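Visitor: In case you want the letters, here they are:
There are 4 protein chains.
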Amino acid sequence: MRSDSERICAPLATEDYGIQPMPDVSPPKWHLAHTTWFFETFLLKPFASGYRPFDPRFEYLFNSYYNGIGRPYPRARRGALSRPTVAEVLEYRRHVDQAMQALLGRAEGEIGARVVLGLHHEQQHQELLLTDIKHILGTNPLMPAYRDDLASPAIPADAAAKLAFQHFEGGVVEIGAAGGGFCFDNELPRHPVLLRPFALADRLVTNGEYLAFVEDQGYRRPELWLSDGWTAQCAMAPLEARTDHPRAEPVQGPLYWFRDGDTWYEYRLSGPAPLALDAPVTHVSFYEADAYARWAGYRLPTEAEWERAAAEQPVAGHFADRDVLHPLPPRPPAAGGFPLRQIFGDVWEWTASPYTPYPGYRPLAGALGEYNGKFMSNQLVLRGGSCVTPPGHVRASYRNFFYPGDQWQFTGIRLAHDL
Amino acid sequence: MRSDSERICAPLATEDYGIQPMPDVSPPKWHLAHTTWFFETFLLKPFASGYRPFDPRFEYLFNSYYNGIGRPYPRARRGALSRPTVAEVLEYRRHVDQAMQALLGRAEGEIGARVVLGLHHEQQHQELLLTDIKHILGTNPLMPAYRDDLASPAIPADAAAKLAFQHFEGGVVEIGAAGGGFCFDNELPRHPVLLRPFALADRLVTNGEYLAFVEDQGYRRPELWLSDGWTAQCAMAPLEARTDHPRAEPVQGPLYWFRDGDTWYEYRLSGPAPLALDAPVTHVSFYEADAYARWAGYRLPTEAEWERAAAEQPVAGHFADRDVLHPLPPRPPAAGGFPLRQIFGDVWEWTASPYTPYPGYRPLAGALGEYNGKFMSNQLVLRGGSCVTPPGHVRASYRNFFYPGDQWQFTGIRLAHDL
Amino acid sequence: MRSDSERICAPLATEDYGIQPMPDVSPPKWHLAHTTWFFETFLLKPFASGYRPFDPRFEYLFNSYYNGIGRPYPRARRGALSRPTVAEVLEYRRHVDQAMQALLGRAEGEIGARVVLGLHHEQQHQELLLTDIKHILGTNPLMPAYRDDLASPAIPADAAAKLAFQHFEGGVVEIGAAGGGFCFDNELPRHPVLLRPFALADRLVTNGEYLAFVEDQGYRRPELWLSDGWTAQCAMAPLEARTDHPRAEPVQGPLYWFRDGDTWYEYRLSGPAPLALDAPVTHVSFYEADAYARWAGYRLPTEAEWERAAAEQPVAGHFADRDVLHPLPPRPPAAGGFPLRQIFGDVWEWTASPYTPYPGYRPLAGALGEYNGKFMSNQLVLRGGSCVTPPGHVRASYRNFFYPGDQWQFTGIRLAHDL
Amino acid sequence: MRSDSERICAPLATEDYGIQPMPDVSPPKWHLAHTTWFFETFLLKPFASGYRPFDPRFEYLFNSYYNGIGRPYPRARRGALSRPTVAEVLEYRRHVDQAMQALLGRAEGEIGARVVLGLHHEQQHQELLLTDIKHILGTNPLMPAYRDDLASPAIPADAAAKLAFQHFEGGVVEIGAAGGGFCFDNELPRHPVLLRPFALADRLVTNGEYLAFVEDQGYRRPELWLSDGWTAQCAMAPLEARTDHPRAEPVQGPLYWFRDGDTWYEYRLSGPAPLALDAPVTHVSFYEADAYARWAGYRLPTEAEWERAAAEQPVAGHFADRDVLHPLPPRPPAAGGFPLRQIFGDVWEWTASPYTPYPGYRPLAGALGEYNGKFMSNQLVLRGGSCVTPPGHVRASYRNFFYPGDQWQFTGIRLAHDL
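Chains as they are written, first to last, in this note's numbering: chain A, 421 to 839; chain B, 421 to 839; chain C, 421 to 839; chain D, 421 to 839.
Among the hints, a few may not be true.
Stated by the list, open to error - Taking CB as the label site, the calculated pair distances span:
(1) Pro443(A) <-> Asp743(B): 16 to 26 Å
(2) Arg491(C) <-> Glu594(B): 56 to 66 Å
(3) Asp636(D) <-> Leu583(C): 49 to 59 Å
(4) Arg567(B) <-> Tyr823(A): 35 to 45 Å
To be verified - Residues from chain B that keep clear of chain C, each with C-beta distances beyond 10 Å, as calculated:
(5) Pro777
(6) Tyr791
(7) His837
Stated by the list, open to error - Chain B residues, not near chain A, derived (Cβ > 10 Å throughout):
(8) Ser469
(9) Tyr485
(10) Ala577
(11) Asp578
(12) Gln637
(13) Asp648
(14) Gly649
(15) Asp682
(16) Tyr707
(17) Pro753
(18) Gly780
(19) Ser797
(20) Arg815
Derived from the structure by calculation, the hints contain no laboratory data.
No experiment lies behind these values; they were computed from the predicted model shown.
Ideal Cβ positions, reconstructed from N, Cα and C, are used throughout, including at glycine.
Take the sequences, apply the hints, and build the full model.
Guide: Okay, structure coming up:
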């Protein structure tokens, strides 16, 4: 499972491992080292007697944000580190994996819990690896493909034609992790919430629908935007500026969209391609999602509404399409039920809910308590996982969180309305 | 009532009217003009036939943030305007007030609603006038008093000695404006929420209690802080830097605190004074309030908890102490009930609740819809009003909102915990 | 003479005294206080026994940049000081002037030298007062006039029609102050320099000529610009943005130019007016002056060339036109000689010479040594004085200096070429 | 000769080729590509009929600053390009070198002149390669060595003990390139200058001497500094911050100095080493050089003084010490003359002369005219070459230029005084 991290990086050139084109993006090399650091710091150092650290300076270099461990190396400077090399980082991984073997025999209690946490942590970074690789390659004016063998499937033009809303009754429902499997501390405690009757779109907003918003001057109508979003999107440079692309004309829109003459394109992990109108729009900020919903006459769902609806759905989606690594048009609804499509494994769906602690929330003890809890301000909850989320990693109660202006994740839009 | 605005400014020197020491602060002259612009723009221009604008360029100059009216003059440049002069702005006020006389005879329906809104708007700016005047004078190295006749009352040393918690049952309660009087659109619709049993402190956190947090190295312990708060407070310059005060040593703490040797002081509207240990701490950010609560072993209340508790309290407090203009120690609880003290009119109490729309929220139509709705991201709800809020302006359902790093409002802390 | 400072401020509203629309501009109140501080600090405190400072805190508040006196109040924050008020500053001036009376009786030796320096210092600030007042009023969207009684004289359309070049032989010439009157330390020592034969334009570049450069796309042709100038002018916002003017279309050009439809205007101290094509262009940066010269096929003169030519000219010019306060078209050359026009008292002429010490330069002793010497990097020498320079203040050896991007001074262009 | 570029990079890891730790530093891969671009752009495209560009997009990607060719890719984003890879860049070099073979047969006239220019250009980047590699490795907290086989020679403690001054008469001397070999356009025309009698130190300032300045609180005494230098050095972060080094205490000083307890170290291309007190100080800014000279009671020489003195010296120095790549203590003076030591090939010596055009200067025609001329503002001239300058690249008339705050070049200090 941990080897998936190396597998994801396999198509990269050595040069791709060290680049940080913007502060939010971490170099792939850093992801490989940091996830290893996690096992070394939280398992080997406290529990493996006689463990010899691979390099004592890595405690500082690959600490992401755990002040309880010590002052971390500055995030925005991760791209300034040509050393350790990729080979040295891979050796670091082997060193730690080997040392972990001995510990895995004792993997129960606190040790077992931390091993499981470390593996889920690794999965989160496996998604981030793909997300950051897309940024590294997609903002390069050469726009190289991540893999040449990724399919850009032909999408039938009416694949997403019908948008319907499923209705839900109001009342008290329980949300939060129900037990029976791993969850992060921020999914707890399970607790009742009071919902009003609502309706949820049965699929995601498509590129074609979002394009209609763009062409309706959506980016120039302040009445559609939250105030901070308006300010942010006024400052938002279009992709051509972001990628320092020499020719194309400036446009505003989702992160990887660009235009050549009258034709719209987007950069995918398989390289630039004409915009697939029936695929879900992705790489939009919360501000864009919110403005789109207002323009369309709807709103975004709350996280409780989303979880209420998703709890009835099977955790299945496009995860498996590893030869695509891009959100795809919705599959037809299953015959006997599950009328909501694209709930899991397509794009992370912005909710209207700020990321705050559940009532009675308790973070983990010690430095591990910094994993989730200290980020509970200024961010919004996203639900459902994306096409680059490792299969098996998400669930109905899973809470992802990002800042409202963030575009570089595989984020998308599901509409809702009151009944 | 509108004349209160001029009365608040009466003690100022002409020079004080035009200063903008930081972008959040508006010059008093601007407040006087903008509140007038509100009546001119939303009442006289649409409803008073034949109305002659005082100066057509003011539509642009004194537009705060209503994109529906046109591009506003940049907020951070309000201090760059020496003209119009104070006298011209006062003349503008008279011009508009006079024109409003005719309209007031027809003050029913939409006109009446807008007049009422305009007066509540004016009250909000009356509070901001005092808040901004404090910043203008308090960050000047000369630290002049706003008024020489403001009492700095002797505070008995045990005035705030006893902190107790009042318990509340859980269950479904209604929050939001109940009708029967004016409210802003963001207080609606009234709706049920589900509460868990909780306890609320019967008074505010005092300066003395907050000082214990400072002296316990609260500002140097990252485990107490939200991540964004830690970053922000690391960047936060102490008062001496903020005021460019030449001598005093740097400290971190509430906005107007400073230290001379071993003695702590704070700047008040009556001038610098030794820190009143039993008065409520004020001018703290949400990050500071949250860190203090964590340090003390408690948490901040949600806005629903606060409103649940406040709904039983009379809207009375220290508003009346207009010869003080500073939060005062709690009065003893009333004999027959109302065990919560300092609920209204002392300091704005940070809640743990992000400022989001109530379910079913609808902003006003047209440009007036920008009044509240477009700010529903990145801010937190504050409740209860402060010692500089006009009496009669707040109520249990009133929702104020500021960014988590803001310190320049009269903000404070009330603790809560789960049961 | 010192009373000229108050006289210059007389037309101002109290509100105009405290504004700092950009960091380079100082509020008029500050100029009035700082020039007074100069006498208090360098004369009264060291030499007037028993002198009681007006307010000891002013030593810090009105120190411009003399680190030898102590840490100065930050320059960019001068506009944040509503206190002391204008009246208090005027009282400060009277207090110091009165105390100076006693000292003036002993005005010889060091005291005498410092008094003379203080008066020349005051004259420099009298020019800055007018320069900064123009910025305060001219960047206000209302563009009020400084004085209503300032003439905007009718300018004959061919007033500046003839541009000729005067030739000068090469060889060794002496530059620097020759003795026989006051000079600043940076004009010394007088020393020989070696010149090549050169030609100097007999008048300044006009608005009309500069407009031809603008209309020839001069601001879009990088080959005309120094690299730093190209970068700076790309970042340079046009006046409409600078003044936050709501309507006019964006243009690039001299600081106070703007356009309404096809007509060009400029803001003058008498208010906005159609661009006077035959008046000298002013408020251009060194980068603009240099780019214009390159476009025109010429170059800027060195300071030695300028001084060589100016040494033969009488120190007379448009100084006297105090009812204009704006550069005027050239007067016809005098019958018997003085073929160079507009040398003194029209606009400060950018030279190609970086501001460096003359060989053997020695700054004054003590903190007064900070007056000129420490600025001898990154700036360029300007010569000749402007229409707002106090008459009698300039001379052929006078060296003014500003950064190459500065536009807010009354700066202009004289062309030169090699022979 | 062009192959020296690859040879310099040979010790690097692939990861080192793409890093840009600060905007002034270019990734080694970029240097390899840009110098190739120079031949492709200025020779192959205009002169080699039928030449097929390696990748047409490189015209944009590897344009450094030639606006005449088109808008260049932003300098500060050079580190954001993981592609083309190192291997692809090396292939680009081979492609261009091969195409150049055909052209070299016709290398006369304009073609010949451009070939020579291209080779000198390549040499400049060979120096920059070593300079930037030092920054890439030296600001990494791991401080890896560039080469393990670089000697850190034992330096006798009195190697630099004697500092003497050589005297020069004043008078008219000629400076500028005298013909007889290649020179850049900025060394022309040769022209007479008038010098006063002066004295020049016979060797460079040493680390030990500079350390005395540091320990005499040189960085805390504003009277020693130019105003802009004081501001800049107040903002200058010490190496520990620059390198984000976790442990060492903050110090101010030359770029690569750091301190551990009482011992001073510096980072060299051979790795960290105790400070060699008798070696020349290097990696100081002009501001530091100027402040040191003032502290020591001297001044920096002008470029004319330097060239006057250097013209009598042989162009020989420590260039040859390619197993050191670090400035070394002075060699004893030659028996029969050449009393000035360390003139060539030790460190670039800051002069007091701003970089301005020589009288009559004419840049090359076309886009190649951007090579030198457009940088003639805000920079200062440095002379003499450094220990990383390719042998044969400098001469007495060579004018290098950098901004006064730049530290990352191999810059040093030679003292001068008037006679």
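Visitor: Now tell me if each hint is right for this structure.
Guide: Each hint tested on the structure:
1. Checked against the hint of 16 to 26 Å, the pair Pro443(A) and Asp743(B) fails, with Cβ atoms roughly 51 Å apart.
2. At roughly 58 Å, the beta carbons of Arg491(C) and Glu594(B) sit within the given window of 56 to 66 Å.
3. A hinted range of 49 to 59 Å for the beta carbons of Asp636(D) and Leu583(C) is consistent with their spacing of about 56 Å.
4. At about 43 Å, the CB distance of Arg567(B) to Tyr823(A) agrees with the hint of 35 to 45 Å.
5. Residue placement check: Pro777(B) keeps its beta carbon more than 10 Å from all beta carbons of chain C (closest about 32 Å).
6. Residue placement check: Tyr791(B) keeps its beta carbon more than 10 Å from all beta carbons of chain C (closest about 22 Å).
7. Annotated as non-interface, His837(B) keeps its C-beta farther than 10 Å from every C-beta of chain C; the closest such distance is 42 Å.
8. The Cβ of Ser469(B) sits about 27 Å from the closest Cβ of chain A, beyond the 10 Å cut-off, so the non-interface label holds.
9. Distance check on Tyr485(B): its Cβ comes as close as 7 Å (rounded) to a Cβ of chain A, failing to clear the 10 Å threshold; non-interface status is violated.
10. At roughly 36 Å, the least C-beta separation between Ala577(B) and chain A is larger than 10 Å, which holds for a residue marked as non-interface.
11. Distance check for Asp578(B) against chain A: the nearest CB is about 35 Å away, which clears 10 Å, and the non-interface claim stands.
12. Under the 10 Å C-beta cut-off, the non-interface status given to Gln637(B) relative to chain A holds; the minimum distance is some 14 Å.
13. For Asp648(B), the condition that its CB be more than 10 Å from all CB atoms of chain A is violated, with the nearest at approximately 5 Å.
14. At the 10 Å boundary, the C-beta of Gly649(B) falls inside the reach of chain A, the nearest C-beta of that chain being 7 Å off.
15. The beta carbon of Asp682(B) is kept farther than 10 Å from every beta carbon of chain A, the shortest such distance being approximately 30 Å.
16. Once the 10 Å rule is applied to beta carbons, Tyr707(B) is inconsistent with being away from chain A; the minimum gap is 8 Å.
17. Once the 10 Å rule is applied to beta carbons, Pro753(B) is consistent with being away from chain A; the minimum gap is 28 Å.
18. Listed as outside the interface, Gly780(B) is inconsistent with that label: its C-beta sits roughly 6 Å from the nearest C-beta of chain A, within the 10 Å cut-off.
19. With a cut of 10 Å on Cβ distances, Ser797(B) falls inside the contact zone with chain A, its closest approach being about 5 Å.
20. For Arg815(B), the non-interface assignment is confirmed: its Cβ lies about 23 Å from the closest Cβ of chain A, beyond the 10 Å cut-off.
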